[in-house]
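Participant: Residues per chain, in single letters:
Protein chains: 2
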Amino acid sequence: MTKSPVRIAITGGAGQIAYSLVFRIAAGEMLGPEQPVILHLLEMPSAMEALKGVVMELDDCAYPLLQGIVMTDDANIAFTDVDYALLVGAMPRGPGMERSDLLKTNATTFKTQGQALNAHANHNVKILVVGNPANTNAYIAMHSAPDLNHKNFSAMTRLDHNRAVAQLAAKTGVDVNSVHNLAIWGNHSAIQYPDITHAIINGVKATTMVKPSWILDDFIPTVQQRGSMVIKARGKSSAASAAYAIISHMRDWVMGTDEWVSAAIMSNGDYGITEGLIYSFPVTVKDGEFSIVQDLEINDFSRTRMLANQQELEQERDMVAHLLN
Amino acid sequence: MTKSPVRIAITGGAGQIAYSLVFRIAAGEMLGPEQPVILHLLEMPSAMEALKGVVMELDDCAYPLLQGIVMTDDANIAFTDVDYALLVGAMPRGPGMERSDLLKTNATTFKTQGQALNAHANHNVKILVVGNPANTNAYIAMHSAPDLNHKNFSAMTRLDHNRAVAQLAAKTGVDVNSVHNLAIWGNHSAIQYPDITHAIINGVKATTMVKPSWILDDFIPTVQQRGSMVIKARGKSSAASAAYAIISHMRDWVMGTDEWVSAAIMSNGDYGITEGLIYSFPVTVKDGEFSIVQDLEINDFSRTRMLANQQELEQERDMVAHLLN
Chain A
373 MTKSPVRIAI
383 TGGAGQIAYS
393 LVFRIAAGEM
403 LGPEQPVILH
413 LLEMPSAMEA
423 LKGVVMELDD
433 CAYPLLQGIV
443 MTDDANIAFT
453 DVDYALLVGA
463 MPRGPGMERS
473 DLLKTNATTF
483 KTQGQALNAH
493 ANHNVKILVV
503 GNPANTNAYI
513 AMHSAPDLNH
523 KNFSAMTRLD
533 HNRAVAQLAA
543 KTGVDVNSVH
553 NLAIWGNHSA
563 IQYPDITHAI
573 INGVKATTMV
583 KPSWILDDFI
593 PTVQQRGSMV
603 IKARGKSSAA
613 SAAYAIISHM
623 RDWVMGTDEW
633 VSAAIMSNGD
643 YGITEGLIYS
653 FPVTVKDGEF
663 SIVQDLEIND
673 FSRTRMLANQ
683 QELEQERDMV
693 AHLLN
Chain B
373 MTKSPVRIAI
383 TGGAGQIAYS
393 LVFRIAAGEM
403 LGPEQPVILH
413 LLEMPSAMEA
423 LKGVVMELDD
433 CAYPLLQGIV
443 MTDDANIAFT
453 DVDYALLVGA
463 MPRGPGMERS
473 DLLKTNATTF
483 KTQGQALNAH
493 ANHNVKILVV
503 GNPANTNAYI
513 AMHSAPDLNH
523 KNFSAMTRLD
533 HNRAVAQLAA
543 KTGVDVNSVH
553 NLAIWGNHSA
563 IQYPDITHAI
573 INGVKATTMV
583 KPSWILDDFI
593 PTVQQRGSMV
603 IKARGKSSAA
613 SAAYAIISHM
623 RDWVMGTDEW
633 VSAAIMSNGD
643 YGITEGLIYS
653 FPVTVKDGEF
663 SIVQDLEIND
673 FSRTRMLANQ
683 QELEQERDMV
693 AHLLN
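In order, the protein sequence lines correspond to chains A and B.
If you're matching positions, the first sequence starts at 373 in this note's numbering and goes up one per residue.
If you're matching positions, the second sequence starts at 373 in this note's numbering and goes up one per residue.
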């Protein structure tokens, strides 16, 4: 084993998603079986004992690739020299809590983390925000880290993407591997837009295989509401499927992919979307950089939904603007 | 993808360990990235709704290798045509419950499952028992499946093995990859015997690198009590580390390994251990079969502990004997 280890920060280290995630990263699933890793696990002081339990279990796996573990409640320590930062932890929305309250509570956390990344991380650090509201949390972190390139930041819509692929495959009776060119546009929220306008299934346009009413009344709401449905069945929010989406997002970001996937990254005005928003687009990856799939025809149905997402993200941006100066 | 899929049954499909396990199997971690799988998930009727949530999340991953999911509360359905059976589910020991009560409760379950495996599984099925008391549960299942070769059955001591490797590596300040020829003997219980008599670290005998008092007062009790320590820290029993041990046990069983690992398999009288007991030995694997490492010198210290384990397993065997005829 000659590669030098990379450092990977994971916030919310004692949480449900991290519990489905860190063991897989340590096993080499994210960066491959040749890449040693050092995990930096960040948690709130109240969760340090639980985090200790997770670290005991990591030790108990005797992972060949796991070269070290940093366990801390200080973002400045957690992000020191990290090559990857998975911002998974966030305050969940409590009973009676307004979305705006949630935004503000988490805004402070992501501002602190952005500043700590700016000060201490490797300047090539690849950052994925998963904690909700993910797009705007990524926006806050990005604006709190002026020395880092905006291309270092992303927010996750890969779970939504995977859910959309699975729904379309099930409906058309094909294997998930046969579904291509699907996209999630916009915000990782209940108004996200899963788009099959360009999707291809075994060489055939998906829109010729399903009815418009299925797309409108079944497919789109199912993907949008899937998280709530899982909570209803499992009694807990999606964790293992979120962890797998994180691994897939990061692996593709590092290794590259010609396949369309979805990721929320900073808009440069592509498709008319307001510049600066962290907005989900169909992307491919080459040399460690996301490229938005270009020159797609956008019909009126899609345009309306894309604009609704833009508007929601502008509102979120405006609600946290005062915290960023 | 030209390989035909294999069928893998997992009991306790909605439980904690399964939640850390099934997503990794579906991702190809157990049988490799070329082997499609069909998962057969067995649960009690009361847990079917939670199991449905797990299946939703499996769908949401859009795993290329996952060719199907069977969800059932009937062992006869769960084990039909399966190539692998991971018997993870078992009733945990409740407050005030005697070990003998636990044995009897689970004995009935594993008798039913052994009979169902006998009637419905592929006759080359590889069976791993994880649910406790694992060794005796495997013994029961084996005796309830007279048409299956006893070599198809194993119980898990791989987590104990990994824990022992990690403890010894930490103590001697080496990488886990440097530790070889360690063994867990006997029962997966609090009197299991983690043995470093033969262990080699970078070519040096481990016993020359640590004090006898550390082995006796620290190493052995730490490995034996590790599960309780994790529960204390995490508030929940080991799940992710157990899942990783399951994957490692099965992968080695299928792919082979020259490295010593530990597994509980039927004794043929090796090292004087009572024939027929499911007892943990140091093993290697070739062509899908475990081979007990032969001709090791056993000192008095080891012999005493190995016999204590034999005695405990004989007692467990005798407690369930009436159920097997």
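Quick caveat, the hints were computed from the structure, so don't treat them as lab data.
Careful, some of the hints might be misleading.
What the hints assert, rightly or not - Each pair of labels, with its calculated beta carbon distance range:
| no. | chain 1 | residue 1 | chain 2 | residue 2 | range |
| --- | --- | --- | --- | --- | --- |
| 1 | B | T374 | A | E631 | 45 to 51 Å |
| 2 | A | P405 | B | E661 | 21 to 27 Å |
| 3 | A | G575 | B | I449 | 50 to 56 Å |
| 4 | A | K604 | B | S585 | 36 to 42 Å |
| 5 | B | G575 | A | T374 | 42 to 48 Å |
Stated by the list, open to error - Result set (DSS-like, lysine-lysine): computed pairs, CA atoms no more than 30 Å apart in a straight line:
| no. | chain 1 | residue 1 | chain 2 | residue 2 |
| --- | --- | --- | --- | --- |
| 6 | B | K658 | B | K604 |
| 7 | B | K583 | A | K543 |
| 8 | B | K483 | B | K543 |
| 9 | A | K424 | B | K583 |
| 10 | A | K577 | A | K608 |
| 11 | B | K424 | A | K543 |
| 12 | A | K375 | B | K583 |
C-beta: ideal position from N, C-alpha, C; glycine also.
Participant: The structure should be examined with respect to each hint, and the outcome stated for every one.
Facilitator: For each hint, the structure was consulted:
1. T374(B) with E631(A): 45 to 51 Å: Cβ of T374(B) to Cβ of E631(A): about 21 Å, so the range 45 to 51 Å is violated.
2. P405(A) with E661(B): 21 to 27 Å: holds, 26 Å
3. G575(A) with I449(B): 50 to 56 Å: For I449(B) against G575(A), whose Cβ atoms are near 37 Å apart, the range 50 to 56 Å is violated.
4. K604(A) with S585(B): 36 to 42 Å: Given about 55 Å between the Cβ atoms, the range is violated.
5. G575(B) with T374(A): 42 to 48 Å: Since G575(B) and T374(A) have Cβ atoms about 20 Å apart, the given range 42 to 48 Å is violated.
6. K658(B) with K604(B): This hinted pair is violated, its Cα atoms lying about 39 Å apart.
7. K583(B) with K543(A): The given pair, whose Cα atoms are some 64 Å apart, is violated under the 30 Å limit.
8. K483(B) with K543(B): violated, 42 Å
9. K424(A) with K583(B): holds, 27 Å
10. K577(A) with K608(A): Given pair K577(A), K608(A) is violated - Cα atoms ~36 Å apart, limit 30 Å.
11. K424(B) with K543(A): The hint holds at about 18 Å.
12. K375(A) with K583(B): violated, 34 Å
Comparing the model with each earlier hint shows violations of hints 1, 3, 4, 5, 6, 7, 8, 10 and 12; every other hint is respected.
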